[in-house]
Structure formats: structure tokens, C-alpha cells
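> Chain by chain, the residues run as shown.
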Amino acid sequence: MSRGAGSLPLLQLVLDCIGVGAIVLDAERRIVLWNRWMSQHSGVLGDETQDRNFFDLFPEQRDKRLDGAISQALRNNLPSLLSQTLNRWPLPLYASKSQAEQGERMHQALTVSPLNMDDGQRFCLIQVSDVSAAVQRENLLREQAMALRSQTLLDDLTGVANRRHFDMAIDREARRARRMGTPLSLMMLDIDFFKAYNDHYGHQQGDACLEAVASALSTMQQRPADLFARYGGEEFAVILPDTPAEAAVAMANAMCRKVHDLRIPHQASHSSERVVTISIGVASTDASHPGEAYDLINAADRALYQAKACGRNRVESA
Amino acid sequence: MIRLSDLEHDALVELFNIGVGQAASAMSEIVSETVTMAVPAISFLNRAAAAKLLASKSTGSGRICGISQRYSGAFDTDAILMFPEEKSQEIVRLMVGQAMPLDELTAMEQEAMSEIGNILLNSCVGALANIIGHELHGSLPDYHVGYSQDILALSGDSETVVLMLHIEFVVERQQIAGDVAFIMDMSALQDLKQHVALYLARAFGGEQP
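Residue numbers (my numbering), protein chains in the order written: chain V, 1323 to 1640; chain F, -15 to 193.
Extracted from the complex, chain V is given alone in its bound form (with noise of 0.2 Å):
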């Protein structure tokens, strides 16, 4: 096998100046170009390469999308695109040396185009651009973009996520603990009595008590990911990703007891200790129990239903 391109010395400090990776592969998926780009990113020579099957070189990459893309080069001459998107880090390559110490990869797109020869030989071309500059700048897009979002995901009265930001965050977890295999836990709460307590102290007192027990709970969530929103009237929802059934009950039992000990006065309740308290119902998944956010809500409120049987100012779960 000659080397491609490597009988063209000009053709060869071409490739070893552009500022993308080029690898050419035979029809038997044997490295047959390598340049300088992919030398310097992924610490492995063009001499180290030569005629080495490519996927001896990178087998996590066997049976995957970009073994899929070079078949479709070399088998049925049609090219295909792998987007950063959708394939993240398909190679180990680097930046720069410190990068590849930490182990983090450079942000890829590839190309893979069939290369036909005069003579019938076919090879296949795989193209490598480093995209992490646009990778960041789209970060600091979404960002922002997420900020300007947030200010119209908020409760007008309780400043806690609204309706609208619930709705959009529990697709978006239950869609990922699917993914990802996690567990994901809900619990939907109301205050006990409440109309009865709007009623004796009217709708302004109701809306202070609604801030009182918003703004104690709120701050009980301690990761980024957990999300305490108000879901309607007396109602508030609570998203814990990651977070499975007994952890989610005790920080719910921990809530109970939070708004208990704010001993706000409530004459109109029909507990013995005439203050305001709470009922919780808790509804998890896991990886055993893969749920949808339809089915999470409805086990929730189930739960929730239960909590307000049995007496309030307590905890179920489903």
C-alpha cells in the first residue's frame, strides 16, 4: 500500500499546515494519512499510525455512530457529518497538554467523505474541527438566555419558580433520570385549612402567610437542580433530581416541621395547636421504575390526598 497522499511531498505540508485534523483510512479501515493536527492533539505520531486499523487505534469508536459514518463511506460512498451535538468527544483529542492531563477533551466535529481513486480504490477521508470557541460561546448564549427566561418563570406574590417554570423543569427531569438512570423524587404540598384560614383573617393575610411558608421552604433546597415552585392557590411542588424516595421523605418531614415551628397563628384550624402547618405527598423514580412526569404528578398528589386523610401536617409517600 502506498501512502496516499505521502507521494505528494506538497500535498503533505499542505495537510500538515491546515488547522484541522485529516485522516485517511483504506478500504480495509487502515490508517493511511495522518496529519500534523491529529499528531498534535491526540499524542500520537503519523509513524505510530501507519497501516494500523483505526478502530485498533480507538475502540471505544467500534460498533458506534462514526464506525456507522466510515461504512457508509467506504461501503456505499456516501458522506456523513457527526455534529458536537449529538457526539460530544467521539476521539481522545486534546487542546492542549494540560487538557489532556485533566482529561478533558476538545469539543469535535467530523466529517467523513469517500475518496475515489482513478484506479477503483476507495478511502475514506475523516475531517476533525476543534469547535470548543463556539461550543463556549453558545453556553454563555444559553446562559443568558436561561436569565432572561427566569424572569418570567417567577410567582409574582411568593418570588418562588411559577406554574410555567414547574412544567417545563419536571419534562426536563423526568426525560433525564430516564436518561441517565437516576432517581428522580416529587412532592406536591398544601397548606392545611387554608381556606378556612383565608376566610377568618382575610385575603391579604392569606397572601402573607402564602410569602411566610414560600420563603421558609425555599431556601431548604441546597442543589442547583432542585426546584421549589408554586403549583397553584395553597399548592407548592418541590423537584428533587438525583434524589431518591427516603432522602426526598426526610427532607420533606424536615419541611412539616420547618412551617410547624414558625407557629404562625391560624384560629381557624381544626388542630389542636391552632397554627399553620402543611401536608406533603412524595413520589419517586428510579432506575427500577422509570416514570414519566405525567405519572410522577398524579403519584404525588395521591400522596398528598393521603397525607390530608390521615390527618394533616404529615408526610406520605407514594
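Note that these hints are calculated values from the structure, not bench results.
Check the hints yourself; a few may be wrong.
Chain F regions said to be covered by chain V (calculated; three or more residues, Cβ under 8 Å) [what the hints assert, rightly or not]:
#: 1; segment: 15 to 25
#: 2; segment: 58 to 72
#: 3; segment: 86 to 97
#: 4; segment: 105 to 112
#: 5; segment: 164 to 177
According to the in silico footprint, chain F covers these stretches of chain V (three or more CB under 8 Å from chain F) [claimed, not checked]:
#: 6; segment: 1397 to 1403
#: 7; segment: 1459 to 1471
#: 8; segment: 1494 to 1505
#: 9; segment: 1541 to 1555
From a predicted model like this one, the values you see are computed outputs, not experimental measurements.
Beta carbons: idealized from backbone N, C-alpha and C, even for Gly.
Given chain V, work out where chain F should sit, using these hints.
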């Protein structure tokens, strides 16, 4: 307009379904979710009728997002995967797990859409190549946004025929409909019809359809 016999029509639909089935399994692998795709129907239209049909499916701005690739060889065609623009964000959200809350897709999201188009178009063209018995040569995908008549006008003159594949995606139990247009001239269409007839003749051991 050239008409295919029922048998020719069904053979094409079946081959396209095998093709998009392979594309669906490739996409499932990428997104670690079950993606299914089916081609329930195909039709032959002239360009104006195709543009009208696509425009009628939009519920939003009327604009279409298209991913195109040009194929040549035994048979020349421009292939374009199209979705109503308002659906494109939905697809990115389902395939990528999140989408930027903006009116237009970002550059990286467009690239992801291009990859989805690339996988799907290559699989459809693979099915066509299978019928023709010759491989085709293809370009890398381009991404466009515009009104249907502009997207369909990306290639050449108006004396062309559009082979439209209606495609249904299901990702996470959500269904999204799109269309693939193969834009070709009359002679390419005649070639295709002939190849389909030959393919059927081979498949049925010389029996004439």
C-alpha cells in the same frame, strides 16, 4: 406526470421503510432513546404542488427548515428533509435533551439538525441505490430556513418532479412529521420507474409486474 403501478409504488414504500428503519436505529444509538421512523406514504408532485403541500402543514410562521444533500451518479437528485420551522426546536429538544429558548436554532443546533438530515437522507438514498443497483455519490448536508417554494427552488429549473416521502418520527412517544423531497428531472424519474420495474422483475424471478 408519470404513474407508478400499485406494485411499484408499494415496493418503493417498502424499500424506503427499510432504509429509514436503519436510520432510526442509528439515531437511537446516538441519543440512547428509542427512535422509530416510518414512511407511510409517498407521492409524485410537481414543484409548485409540493411547495403548496408543505406550506399547508405549517402552523406557525409558514417557514420551513430544510437539510439538503445533492446526489449524483446513475441518477441525479437533490434530496431535502423538511420540517415546519416551529417543529425544528422540538426535534432538537427531543434528540439532544435540551434546546435553546430562542426563536431560531443556534449554529450548533443547526449542525445537529444537519446530522439528523444526513443520517436520514443517506438511508433513503441507500434504498434508492439498492433499487438502481448502483451507488450514488453525495455531498455533505446544508441547512436552510425559508418558505417552501424557496427551499424547493434550491436546485435548478422548474421542469422537475418531486418525489415526496412523508416521514413520521417517534421519539419518547412524541410523534413528529416531516417530509423528504427528492427533486429530479423527468428523465431521472423515468429512469427510476424503469429501475423499480427491473427491481421487481428480479425480485419476482422474471415475473412481469
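> I'd like to know which numbered hints this structure contradicts. Please list them from smallest to largest.
The structure conflicts with hints 2, 5, 9, although it agrees with all the remaining ones.
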